[in-house]
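Visitor: If you want my numbering, it's the position in the sequence shown, counting the first as 1, plus 781.
Take these hints with a grain of salt, some might be off.
Result set (DSS-like, lysine-lysine): computed pairs, CA atoms no more than 30 Å apart in a straight line [stated by the list, open to error]:
no. : residue 1 : residue 2
1   : Lys928    : Lys852
2   : Lys928    : Lys859
3   : Lys881    : Lys928
Pair by pair, the computed Cβ-Cβ distance ranges are [as the list claims (entries may be wrong)]:
no. : residue 1 : residue 2 : range
4   : Leu807    : Asp909    : 37 to 47 Å
5   : Ala979    : Lys835    : 40 to 50 Å
6   : Ile863    : Tyr892    : 51 to 61 Å
7   : Ser931    : Pro851    : 29 to 39 Å
8   : Ala850    : Glu803    : 17 to 27 Å
9   : Thr945    : Lys835    : 51 to 61 Å
10  : Leu891    : Pro851    : 29 to 39 Å
11  : Thr945    : Ala850    : 29 to 39 Å
12  : Ile868    : Glu803    : 49 to 59 Å
13  : Ile873    : Lys835    : 41 to 51 Å
Quick caveat, the hints were computed from the structure, so don't treat them as lab data.
Ideal Cβ placement from N, Cα and C applies to all residues, glycine included.
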Amino acid sequence: MGNADLALTDMEGPHRVPLPPERPFLDTFRANLKETFFPDDPFRQFKNERGSRKVVSALQYFLPILEWAPKYSFGLFKSDLIAGITIASLAIPQGISYAKLANLPPVLGLYSSFVPPLVYAMMGSSKDLAVGTVAVASLLIASMLGKEVSAAENPGLYLKLAFTATFFAGVFEAALGLLRLGFIVDFLSHATIVGFMAGAATVVLCAFSS
Numbered sequence: 782m783g784n785a786d787l788a789l790t791d792m793e794g795p796h797r798v799p800l801p802p803e804r805p806f807l808d809t810f811r812a813n814l815k816e817t818f819f820p821d822d823p824f825r826q827f828k829n830e831r832g833s834r835k836v837v838s839a840l841q842y843f844l845p846i847l848e849w850a851p852k853y854s855f856g857l858f859k860s861d862l863i864a865g866i867t868i869a870s871l872a873i874p875q876g877i878s879y880a881k882l883a884n885l886p887p888v889l890g891l892y893s894s895f896v897p898p899l900v901y902a903m904m905g906s907s908k909d910l911a912v913g914t915v916a917v918a919s920l921l922i923a924s925m926l927g928k929e930v931s932a933a934e935n936p937g938l939y940l941k942l943a944f945t946a947t948f949f950a951g952v953f954e955a956a957l958g959l960l961r962l963g964f965i966v967d968f969l970s971h972a973t974i975v976g977f978m979a980g981a982a983t984v985v986l987c988a989f990s991s
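Use the sequences and the hints to build the structure in full.
Guide: Here's what the structure looks like:
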């Protein structure tokens, strides 16, 4: 009993937790940046590979088509063809209507439904994602440019401003992706996102009804 009481007394006593050694400021700052921008450490998978293989792995990481294209089969092509026809039957009228919402020529709506999937096929990694224009972006373009120039009175200038706006939107979106700043969305509350989606749905419904 004496040994048991002594062991119990030792367990109930205070325990000292050793503090980790202090790290230099630059090391701490570098570690915090790496944790923020690269939480999943995408380069870990080919960190210890040889030089030539490392280059190939890096290209496959940024251009996934280089990885799956050599393994592509005719059976997959038949399935993709059926899926492509199904999506095209929806994307064609959808692109034309979205171009009308933005006060742009209908052919531009077809371009917006045709070109983005080609780019995503080379740089995207999800096989279940449909890429194209959305109604909210079309309404924002019409609202933003309509304050500066009339699409009916000066269609040429309106078209140039639309190209400029979409170009810089793509530049900013590409920069956010390359800098891995997607975590900024985490700071948006659920109520903000739900309110934005509900408002956008209402505006789209009113635009299609008018």
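Visitor: All hints are to be evaluated individually against the structure, with a verdict given for each.
Guide: Comparing the hints with the structure gives:
{"no.": "1", "hint": "Lys928 to Lys852", "in the structure": "violated, 51 Å"}
{"no.": "2", "hint": "Lys928 to Lys859", "in the structure": "violated, 47 Å"}
{"no.": "3", "hint": "Lys881 to Lys928", "in the structure": "holds, 17 Å"}
{"no.": "4", "hint": "Leu807 to Asp909: 37 to 47 Å", "in the structure": "holds, 42 Å"}
{"no.": "5", "hint": "Ala979 to Lys835: 40 to 50 Å", "in the structure": "holds, 48 Å"}
{"no.": "6", "hint": "Ile863 to Tyr892: 51 to 61 Å", "in the structure": "violated, 24 Å"}
{"no.": "7", "hint": "Ser931 to Pro851: 29 to 39 Å", "in the structure": "violated, 52 Å"}
{"no.": "8", "hint": "Ala850 to Glu803: 17 to 27 Å", "in the structure": "violated, 50 Å"}
{"no.": "9", "hint": "Thr945 to Lys835: 51 to 61 Å", "in the structure": "violated, 39 Å"}
{"no.": "10", "hint": "Leu891 to Pro851: 29 to 39 Å", "in the structure": "holds, 31 Å"}
{"no.": "11", "hint": "Thr945 to Ala850: 29 to 39 Å", "in the structure": "holds, 34 Å"}
{"no.": "12", "hint": "Ile868 to Glu803: 49 to 59 Å", "in the structure": "holds, 57 Å"}
{"no.": "13", "hint": "Ile873 to Lys835: 41 to 51 Å", "in the structure": "holds, 43 Å"}
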